[in-house]
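Taken in order, these protein sequences are the chains called A and B.
Counting along the first sequence from 1, when you hit position 71 you're at 70 in numbering that gives the first Met the number 0, and nothing is skipped either side.
Counting along the second sequence from 1, when you hit position 78 you're at 77 in numbering that gives the first Met the number 0, and nothing is skipped either side.
Bear in mind the hints are in silico, worked out from the structure with no lab data behind them.
Check the hints yourself; a few may be wrong.
For lysine-lysine, the following PhoX-like pairs were computed, each having C-alpha atoms within a straight-line distance of at most 25 Å [unchecked claim]: (1) A/Lys16 <-> A/Lys109; (2) B/Lys64 <-> A/Lys16; (3) A/Lys16 <-> A/Lys161; (4) A/Lys16 <-> A/Lys84; (5) A/Lys84 <-> B/Lys64; (6) A/Lys84 <-> A/Lys161.
Since the structure is predicted, the reported quantities are computational estimates derived from the model, not experimental observations.
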Amino acid sequence: MTSFAQNSRDKGALNDKPDWGMWLFILLDMTTFGLFFAVFLWEMSNHRDSFNADAAHLMIPLGLINTLVLLTSSYAVVLAVHAGKARDTGSAARHLRLALGAAGLFFTIKMTEYTLEVRGGHTLTSSPFFSFYFILTGIHLLHICIGTILLSNWRNDVIRGKKVAERWMESVAAYWHMVDLLWLVIYSLVYIGSNA
Amino acid sequence: MTTTTNVQRIVYYALVLVSLFLFIGFETGFGGMQSKRGISAAIAIIAFIKARYVVLDFMELRGTKIMRLFDAWLLLACTVCVLLILR
């Protein structure tokens, strides 16, 4: 853990003002994805038939399962924040374990999906649609990995009995909810919308 | 806190149900609707409405100054996406 993060965790609860830096970081990250969505939809409107044909090869049920898994993980983090604020370490650790388990499941399903797509001949360079698919979902998966590290650190602190500042909990939770939010849009635009 | 977590639980169930209904709609061809662009636009709008509830109730920004910033972002992103879909 970096000294900056440790410092944030120690000082966080002392300040009730919104953490503008953190929220702007989240908005900036969301904007990066927003630009990807815009370019994706622009290209889709130019090549609607080929995008529709390629999208038909996506495994929609796996996308749905991952949506439900990530929503559950996000809700578990909501409960972990409430437990953390109430100093209920047992409940916080339990909910964080559930959130981390769901993150692991999401990662496993995504890797399974990638494997099946590649075996089916769909790769990063096979078509414009699959280039967008692999880049968008790949960057999102990277965010899942970063979020998992943050949640693991939080859980380790809870298990070791360290005092975790409210602002640190809220920052990690906000990041995780952003990852969930982005997936809801990716699933709707790439999996369902391109295929409708 | 109890009221808050109850609201968040309801939002969680609602998000799960909407996702399931969307999937069922997709599997059944959205009731035979012909306009693919119209369907895609509706799906995008539903996605951003879901995203808004994640912001309001999971990120717990309801009633805060930051909520306006996120609302503006979501509205702008949703509008751009819908316009590009309908283009």
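Taking each numbered hint in turn, which are not upheld by the structure, reported in ascending numerical order? Of the numbered hints given earlier, the structure breaks just one, which is hint 1.
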